[in-house]
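Number of protein chains: 4
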Amino acid sequence: MAIVLGPNQYGKAENRVVRIVRDTPRHEIHDLNVSTALRGDFTAAHIDGDQSQVLPTDTQKNTAFAFAKRHGVASPEDYALALARRLLEAAPAATGATVRVEQYAWDRIRVGGPGQARDHDHAFVRRGGEVRTTEVDLSAEAAHVVSGLTDLVVLKSTGSEFKGFLRDEYTTLPEADDRILATSLTARWRYFDRGRVDWNAAYDDVRALLLATFATTYSRALQETLYAMGRTVLEAHEEIAEISFTAPNRHHFLVDLAPFGLDNPGEVFIAADRPYGLIEATVQREEGA
Amino acid sequence: MAIVLGPNQYGKAENRVVRIVRDTPRHEIHDLNVSTALRGDFTAAHIDGDQSQVLPTDTQKNTAFAFAKRHGVASPEDYALALARRLLEAAPAATGATVRVEQYAWDRIRVGGPGQARDHDHAFVRRGGEVRTTEVDLSAEAAHVVSGLTDLVVLKSTGSEFKGFLRDEYTTLPEADDRILATSLTARWRYFDRGRVDWNAAYDDVRALLLATFATTYSRALQETLYAMGRTVLEAHEEIAEISFTAPNRHHFLVDLAPFGLDNPGEVFIAADRPYGLIEATVQREEGA
Amino acid sequence: MAIVLGPNQYGKAENRVVRIVRDTPRHEIHDLNVSTALRGDFTAAHIDGDQSQVLPTDTQKNTAFAFAKRHGVASPEDYALALARRLLEAAPAATGATVRVEQYAWDRIRVGGPGQARDHDHAFVRRGGEVRTTEVDLSAEAAHVVSGLTDLVVLKSTGSEFKGFLRDEYTTLPEADDRILATSLTARWRYFDRGRVDWNAAYDDVRALLLATFATTYSRALQETLYAMGRTVLEAHEEIAEISFTAPNRHHFLVDLAPFGLDNPGEVFIAADRPYGLIEATVQREEGA
Amino acid sequence: MAIVLGPNQYGKAENRVVRIVRDTPRHEIHDLNVSTALRGDFTAAHIDGDQSQVLPTDTQKNTAFAFAKRHGVASPEDYALALARRLLEAAPAATGATVRVEQYAWDRIRVGGPGQARDHDHAFVRRGGEVRTTEVDLSAEAAHVVSGLTDLVVLKSTGSEFKGFLRDEYTTLPEADDRILATSLTARWRYFDRGRVDWNAAYDDVRALLLATFATTYSRALQETLYAMGRTVLEAHEEIAEISFTAPNRHHFLVDLAPFGLDNPGEVFIAADRPYGLIEATVQREEGA
Numbered sequence: 048m049a050i051v052l053g054p055n056q057y058g059k060a061e062n063r064v065v066r067i068v069r070d071t072p073r074h075e076i077h078d079l080n081v082s083t084a085l086r087g088d089f090t091a092a093h094i095d096g097d098q099s100q101v102l103p104t105d106t107q108k109n110t111a112f113a114f115a116k117r118h119g120v121a122s123p124e125d126y127a128l129a130l131a132r133r134l135l136e137a138a139p140a141a142t143g144a145t146v147r148v149e150q151y152a153w154d155r156i157r158v159g160g161p162g163q164a165r166d167h168d169h170a171f172v173r174r175g176g177e178v179r180t181t182e183v184d185l186s187a188e189a190a191h192v193v194s195g196l197t198d199l200v201v202l203k204s205t206g207s208e209f210k211g212f213l214r215d216e217y218t219t220l221p222e223a224d225d226r227i228l229a230t231s232l233t234a235r236w237r238y239f240d241r242g243r244v245d246w247n248a249a250y251d252d253v254r255a256l257l258l259a260t261f262a263t264t265y266s267r268a269l270q271e272t273l274y275a276m277g278r279t280v281l282e283a284h285e286e287i288a289e290i291s292f293t294a295p296n297r298h299h300f301l302v303d304l305a306p307f308g309l310d311n312p313g314e315v316f317i318a319a320d321r322p323y324g325l326i327e328a329t330v331q332r333e334e335g336a
Numbered sequence: 048m049a050i051v052l053g054p055n056q057y058g059k060a061e062n063r064v065v066r067i068v069r070d071t072p073r074h075e076i077h078d079l080n081v082s083t084a085l086r087g088d089f090t091a092a093h094i095d096g097d098q099s100q101v102l103p104t105d106t107q108k109n110t111a112f113a114f115a116k117r118h119g120v121a122s123p124e125d126y127a128l129a130l131a132r133r134l135l136e137a138a139p140a141a142t143g144a145t146v147r148v149e150q151y152a153w154d155r156i157r158v159g160g161p162g163q164a165r166d167h168d169h170a171f172v173r174r175g176g177e178v179r180t181t182e183v184d185l186s187a188e189a190a191h192v193v194s195g196l197t198d199l200v201v202l203k204s205t206g207s208e209f210k211g212f213l214r215d216e217y218t219t220l221p222e223a224d225d226r227i228l229a230t231s232l233t234a235r236w237r238y239f240d241r242g243r244v245d246w247n248a249a250y251d252d253v254r255a256l257l258l259a260t261f262a263t264t265y266s267r268a269l270q271e272t273l274y275a276m277g278r279t280v281l282e283a284h285e286e287i288a289e290i291s292f293t294a295p296n297r298h299h300f301l302v303d304l305a306p307f308g309l310d311n312p313g314e315v316f317i318a319a320d321r322p323y324g325l326i327e328a329t330v331q332r333e334e335g336a
Numbered sequence: 048m049a050i051v052l053g054p055n056q057y058g059k060a061e062n063r064v065v066r067i068v069r070d071t072p073r074h075e076i077h078d079l080n081v082s083t084a085l086r087g088d089f090t091a092a093h094i095d096g097d098q099s100q101v102l103p104t105d106t107q108k109n110t111a112f113a114f115a116k117r118h119g120v121a122s123p124e125d126y127a128l129a130l131a132r133r134l135l136e137a138a139p140a141a142t143g144a145t146v147r148v149e150q151y152a153w154d155r156i157r158v159g160g161p162g163q164a165r166d167h168d169h170a171f172v173r174r175g176g177e178v179r180t181t182e183v184d185l186s187a188e189a190a191h192v193v194s195g196l197t198d199l200v201v202l203k204s205t206g207s208e209f210k211g212f213l214r215d216e217y218t219t220l221p222e223a224d225d226r227i228l229a230t231s232l233t234a235r236w237r238y239f240d241r242g243r244v245d246w247n248a249a250y251d252d253v254r255a256l257l258l259a260t261f262a263t264t265y266s267r268a269l270q271e272t273l274y275a276m277g278r279t280v281l282e283a284h285e286e287i288a289e290i291s292f293t294a295p296n297r298h299h300f301l302v303d304l305a306p307f308g309l310d311n312p313g314e315v316f317i318a319a320d321r322p323y324g325l326i327e328a329t330v331q332r333e334e335g336a
Numbered sequence: 048m049a050i051v052l053g054p055n056q057y058g059k060a061e062n063r064v065v066r067i068v069r070d071t072p073r074h075e076i077h078d079l080n081v082s083t084a085l086r087g088d089f090t091a092a093h094i095d096g097d098q099s100q101v102l103p104t105d106t107q108k109n110t111a112f113a114f115a116k117r118h119g120v121a122s123p124e125d126y127a128l129a130l131a132r133r134l135l136e137a138a139p140a141a142t143g144a145t146v147r148v149e150q151y152a153w154d155r156i157r158v159g160g161p162g163q164a165r166d167h168d169h170a171f172v173r174r175g176g177e178v179r180t181t182e183v184d185l186s187a188e189a190a191h192v193v194s195g196l197t198d199l200v201v202l203k204s205t206g207s208e209f210k211g212f213l214r215d216e217y218t219t220l221p222e223a224d225d226r227i228l229a230t231s232l233t234a235r236w237r238y239f240d241r242g243r244v245d246w247n248a249a250y251d252d253v254r255a256l257l258l259a260t261f262a263t264t265y266s267r268a269l270q271e272t273l274y275a276m277g278r279t280v281l282e283a284h285e286e287i288a289e290i291s292f293t294a295p296n297r298h299h300f301l302v303d304l305a306p307f308g309l310d311n312p313g314e315v316f317i318a319a320d321r322p323y324g325l326i327e328a329t330v331q332r333e334e335g336a
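Protein chains in written order, with the working numbering: chain A, 48 to 336; chain B, 48 to 336; chain C, 48 to 336; chain D, 48 to 336.
Careful, some of the hints might be misleading.
[Said to hold, decoys possible] Covered stretches of chain A (in silico footprint by chain C; criterion: 3 or more residues with CB under 8 Å from a CB of chain C, positions within the stretch not fixed):
no., region
1, 204–216
2, 277–289
[What the hints assert, rightly or not] The following residues of chain B were derived to be distant from chain D, with all beta-carbon distances above 12 Å:
no., residue
3, G119
4, A152
5, G160
6, P161
7, D166
8, D168
9, A187
10, A190
11, D240
12, G242
13, T263
14, A305
15, P306
16, L309
17, I317
For the record, the hints were derived by calculation from the structure and aren't laboratory data.
Don't be surprised by glycine CBs; every beta carbon is placed ideally from N, CA and C.
Isolated chain A, as found in the complex (with noise of 0.2 Å):
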């Protein structure tokens, strides 16, 4: 059997892009790390180390600065479909072009005393909390955009159970009546290929109804109310084919105080690292793969 070349892209990767829209004097910032990869036929690069067919990895850098200014950034995604598009035409040897962006949010800095209270027009904080993501992935046949969140930190205090679950000689796990649940959730939705988004729209829209399904939804795992929140989202935008979740289980163990003479009916508890539960589903419509 001969050795080949198999699959392989490349790009430039964590291009810390900010925009500035300063056309009035109430600014705009958008803060973006843009990552973009380029694949299609680089065998000569490969094996022969003929780079006529390569765009660098700096050209591509250089492309996603200048596009912050030539194509703006209206929305994540418009900005990653223009920069996919160009890429692609730029390099005849590829067949397909990411573009993956990370958003960081900032709001406005309050000033001014009372009854005077305002947004600044060019101080800003940055907002922490979930990170905007979007992926688009280009070629001739199809413009996928999977957008998504990441790093959005959820927890209920009370409504989340776990029991009745299988067990085996190695289960030591009491039923939980009532616990702590809480994860860093990612999601990730796949938009269909067809007619126009709203793309800040539906990221906010997403992103409440995530946000209130968690915190409404009795929970019996962690995988129940990952369906639901999917289920929710995809009842909602028909626009959105799946949605994706990664969810760490960050574990509150309750902490025994009886040795102190205390009890602890769920009210103190030991935030754990590592080991954590790890659960992934993607919630998708019966044809929708």
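Since the structure of chain A is already known, use the hints to place chains B, C and D on it.
Okay, now just chains B, C and D, sitting in the frame of chain A:
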């Protein structure tokens, strides 16, 4: 010169204490990272391996969790003071106790449809952004409380210059009339050891003052901005003796788009990682050290 | 289109299993980070909250620790295969089990004076450098073993060029005749599912081949270097079906010292953090996928 | 009480300086992370925004890179001293300069077949493990050199106990006759400010002494082990005034395998993340402070 034991301390670091207040259906959450340390005459432990005066770090951990129940967490400062007092009492050889607390903020999840939106009773989303801190240092002589925050990431997209600086043969930096000013701020302020403080109200107000001063001060250098922030805090809070800042200057470099036929009047930047300027300053009262 | 559950799996991630072999006074240490996952028909758990087919992640954790004793850790691959078999048996609804292991290397501490230097029996220093990995995927049909390493940081101070590349209107990169080539290599190689492999010997030899090929191959691009490394491994190891690389190009930029009256013929560099080139490639046998 | 500027300093942190010595075909690599800071009378910069005495952090960065060429990096200490001297001269308002250096070690890659194995001339693999450090503090009065290492991870699988400790009402820890002792050591030793030191030889020897003492000292507490390590270093190195340790006690908890019908005589442990004991101690000469 004989070889002897010098300064030493020991304790349990990073106890992840989570306290749920569930006295009513509307729960509250206090999410802490607690580190304790004792110092004093522990020579026998170091030189003779004699532990008879050593209160184990495991016991310090137990006490940190027990006090989340027994004393509660009205504020990180209150909790830390109580815990420090207890540890000092429990270890007769100790002459001082230090308790450091980081507190992570959570918001209630928003649920309910239009016109019915409300905050959920027991479902939370971690806020992200800055972390509130306190460090209590307790001895027979004094109770120092140094509170603060860390990772408060702020940015101004204009209203910042840097010029007129000293030049030598290694200076290549051009003067800047209009640049981005950004930092991930750490601030620590020491309270006078007298009377009562409303720790939570003080924290909220100092945070707001820091943000507003950053936003509204025209900056001729990060140093000037920090001093203005410190001055504002000391002017408004007579219970605070001094305030210190550690402020990495998170450089945002203007990208040269001229090779691509594009101008760039303060619109497209690359956010750099390393190296970074690092500015440290204390603002204090004349006799306040 | 109905909404349904798609692909899913669950398990316990990052069990920090440390196994001391102390059958003789000369101890050995196996320091592992173990993650397990089960996949299969877990629809009831997701949709109905029915856990009766769910072997808890806590049980998976217990099994991981118990097997470190019961089965031992002759190699990460052996241990992972045994653990995967057990988990698959214990969960009838599961159709597949995945076990991932990271192994951290330790060296014996060197003791004894001149002429008496020897390795200590039970004192160790962690080696640092790359981490050995394996991922076993077990189902009724196959047992895939994909072993590898991550964070193997290598650098050549000469013998690397990059020129003759494709140029477009966004290209500003000059050609480089002599540059630093550096990467933090992740490699993963899949063994054919047949017969016995001496996992430890294979690992040691693949690692040595990767390093030597990196060192001795003149590089016209990181792509060419990776391909050469993969080819060398496949030529020497017929038990390996394919090998994949993820290689961030850790840029080292030559610093312009001319303003200070100094030349810089490849002597002083700044090691950059972000962005970085990211090169990914698989080398395989023609019918080996 | 008037509000005034207190202690302050500013500089450029984490300059990633890589110096290749290529005077012969057998290259050498010095891989550094360099941070500089100046302190002194910079009141005008803070209060009036007057930069005329401020040597920009950008200039400090340039100087760090230029000195890697002009002065070279015979040792981190030599380089840091030269750089500190230069910065102090260049900034008349400065009364002190601090230069901190981390150095990452690289090994030559081993190439050549059996009987021909040799170290490559210009291909390297990063060693991992501990990082060598130095901090030089220079003023008109003194030149303090504090060298050290960080992240030296060591472990003893026996020869460690912890018992006879102080107990109170919050103590639940059982006594331990035989436990794992592990830490990620940070050590910093201060040289007397007199005469010449062979910095590289001193570093190598101190590192070896720390390791050997850790290995061969029966431990009744981490405190005792640290003191023994410090004492050994001071006894062997009269050029060293004092040595300080920061040592997180990396707990390895014995796993209870009894529920599974297995005994566990010190064989299977879980390595815990948080909380961890944190032991800090200085060993010094009686008049050495």
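Results of checking the hints against the structure:
Only when three residues or more bring their CB closer than 8 Å to a CB of chain C does the claim for the region 204–216 of chain A stand; here the count is 7, and the claim holds. Under a criterion of three residues with beta carbons nearer than 8 Å to beta carbons of chain C, the stated coverage of the region 277–289 of chain A is upheld, 5 such residues being counted. Separation of G119 of chain B from chain D is adequate, the least Cβ-Cβ distance of about 17 Å exceeding the 12 Å criterion. For A152 of chain B, the requirement that its beta carbon stay farther than 12 Å from each beta carbon of chain D is met, with the minimum near 20 Å.
With a closest Cβ-Cβ approach of about 41 Å to chain D, G160 of chain B is found to remain outside the 12 Å limit, as its non-interface label requires. Here P161 of chain B stays apart from chain D, with its beta-carbon at least about 43 Å from theirs, past the 12 Å limit. With 12 Å as the threshold on Cβ separation, the claim that D166 of chain B sits away from chain D holds: the shortest Cβ distance comes to roughly 30 Å. Interface exclusion of D168 of chain B from chain D stands, the closest Cβ pair being 29 Å apart, more than 12 Å.
For A187 of chain B, the non-interface assignment is confirmed: its Cβ lies about 19 Å from the closest Cβ of chain D, beyond the 12 Å cut-off. Even its closest Cβ contact with chain D, about 21 Å, leaves A190 of chain B beyond 12 Å, as expected for a residue assigned away from the interface. Here D240 of chain B stays apart from chain D, with its beta-carbon at least about 15 Å from theirs, past the 12 Å limit. With a least CB separation of 16 Å from chain D, G242 of chain B remains clear of the 12 Å interface cut-off, as annotated.
Every Cβ of chain D is farther than 12 Å from the Cβ of T263 of chain B; the closest lies at roughly 15 Å, confirming the non-interface assignment. A305 of chain B, annotated as away from the interface, keeps every beta carbon of chain D farther than 12 Å; the closest lies near 22 Å. Listed as a non-interface residue, P306 of chain B keeps its Cβ farther than 12 Å from every Cβ of chain D; the least gap is roughly 23 Å. The claim that L309 of chain B is not at the interface with chain D holds, since no C-beta of that chain comes within 12 Å of its own (minimum 25 Å).
Every CB of chain D lies more than 12 Å from the CB of I317 of chain B, the least distance being 16 Å, so the non-interface label holds.
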